[in-house]
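So the protein sequences, as listed, match chains U and V. Take the first sequence: its letters are residues 1 to 168, numbered as in this note's numbering. Take the second sequence: its letters are residues 1 to 279, numbered as in this note's numbering.
Note that these hints are calculated values from the structure, not bench results. The beta carbon of each residue, even a glycine, is placed where N, CA and C say it ideally should be. There may be inaccurate statements among the hints.
Said to hold, decoys possible - For each label pair, taking beta carbons as the anchor points, the in silico distance ranges come out as:
| no. | chain 1 | residue 1 | chain 2 | residue 2 | range |
| --- | --- | --- | --- | --- | --- |
| 1 | V | Gly234 | U | Leu87 | 58 to 66 Å |
| 2 | V | Ser128 | U | Thr101 | 46 to 54 Å |
| 3 | V | Tyr229 | U | Lys45 | 56 to 64 Å |
| 4 | U | Pro134 | V | Asp219 | 19 to 27 Å |
| 5 | U | Glu64 | V | Asn28 | 31 to 39 Å |
| 6 | U | Phe72 | V | Asp74 | 55 to 63 Å |
| 7 | V | Leu109 | U | Tyr154 | 37 to 45 Å |
| 8 | U | Thr101 | V | Gly234 | 18 to 26 Å |
Said to hold, decoys possible - Calculated cross-link-like contacts (lysine to aspartate or glutamate; reagent style EDC-like; alpha-carbon spacing at most 20 Å):
| no. | chain 1 | residue 1 | chain 2 | residue 2 |
| --- | --- | --- | --- | --- |
| 9 | U | Lys106 | V | Asp276 |
| 10 | U | Lys145 | V | Glu256 |
| 11 | V | Lys226 | V | Glu209 |
| 12 | V | Lys247 | V | Glu261 |
| 13 | U | Lys148 | V | Glu236 |
| 14 | V | Lys22 | U | Glu127 |
| 15 | V | Lys22 | U | Glu64 |
| 16 | U | Lys145 | V | Glu237 |
| 17 | U | Lys148 | V | Asp26 |
| 18 | V | Lys228 | V | Glu196 |
| 19 | U | Lys148 | U | Glu64 |
| 20 | V | Lys247 | V | Glu236 |
| 21 | V | Lys134 | V | Asp276 |
| 22 | U | Lys145 | V | Glu232 |
| 23 | V | Lys191 | V | Glu217 |
| 24 | U | Lys148 | V | Glu256 |
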Amino acid sequence: MRFFALILVFVSISAKSQDSSKVYVRGGYGFYEGINLGAGYNFNKICSTGIMFGYDNFSTKDQETYAVTLYFNYAVFYIRKKTCNKLRYYINGKTIFWQLTDDYYKWRVLSLVPSAGCGFVISGRMELLLDLGPSFNVVLQNERKTFKEVGWPYHVMPNASISLNIRI
Amino acid sequence: MKATWVFVIFSICLLWGCNKIKYYPDENYQEVSTMILAHRGGGNSIYQENSFDAAQYGLSVVDGIEVDIQISKDRTIWMSHNADLKDCGSVLYDCFPESTDGQIVELDLCNGSSLNFSRLQDVFEYMSNSYPQKYISLDVKAWSPCAITSSDILGVMNVIADEIIELTDIYDLGGRVMVESETATFLNYLKTNSTENIGIYLTSYGDFERAMQLSLENDYTGISFKYKYDEEIGEEEVQLIRRKGLKIQLWTVNSEDDIKEALSINPDFIQTDNLDYFK
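Same shape as in the complex, but just chain U:
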């Protein structure tokens, strides 16, 4: 948690020195991203990029996962509804480096996740994002800890994530 707090402080300080409308902090949950927190930068209304740091030891028993995610969002079209709410659909490319440790192995894996998602603008500063796409996983390194089981990360798995962006 201290680590996440430090990131928040770092992002806040950085944001003050930049165009405040373009930098945002982001937090959420994703299957491969874990419970994550990070920051991003909007190039314009269409493109944004960012980094997230995640951790997960809740979803699957006896497994601990750390993840670093780099992502790039590209809004494909933008809909202004009759109400004040805005919706935008986007395509998204994520590179996730994750390390999973359980009783049997320690894995270091690189996941490439092309996905599609939609964003729901809650207020002028907040946006809720949902995305879904296949994750293509490549094992970079593995260490066996015991000789109890044989396994391997799934080569392809669906990945879904939900996150909240707050512009600073």
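Using the hints, position chain V against chain U.
What follows is chain V alone, placed relative to chain U:
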């Protein structure tokens, strides 16, 4: 819009309990007595490697033999470690897939007694008549093409698979024939097309973990592991692989100390040149 949100949130909830790692279930663990295979037919005997004479000798001494095979233009399987053929005087030869059986026999005669080529069919026939309970492991390698007409390496290997299946069927050697290769595509073709009980082994030059996982994923019989090459292998690895329903061949175990050590970890098969140790 609502449907999209419900779909994504539902997906997250579904994934929440999913495992990122695929674990393979245990099978019935069975203790086995290790079988010894004469490497390249006759091990370190006086006979030329991968020859009929060597195979005869190997079968008479130990539990089975391992031979390397190639295929000719006429779809005949010959025993040879290398795909290329040596020239004889002024007569030039390319390689097995580019040569007819007649040319291979011609080269055999040209070389006199210094180099003999034997057909796998003859060894199968001999085994079927004299040692139907012994084993034969066929090592199939993916060579670089020696000519443009044999550049379809996988196609050539699949023809080898067809011929192995046919020979196993003709000589009723189901359960006694094993095939080992590094080429998963070839092994998958063999597995899909074989109605006979042919053992399928993935050759590994040291990455035990990956070989074991690939064998489980593709439902192979086991792995053929190069002993003391890149990774050490011990009793725990052998017990684990057997608990998962796979078999293991170790090659090539030659010194007395290595043979004793390899036997102590109880693999399914050991390939050796040192037949004197088992006489």
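Violations among the numbered hints, reported as their numbers in ascending order: The structure breaks hints 7, 9, 10, 14, 18, 24; every other hint is satisfied.
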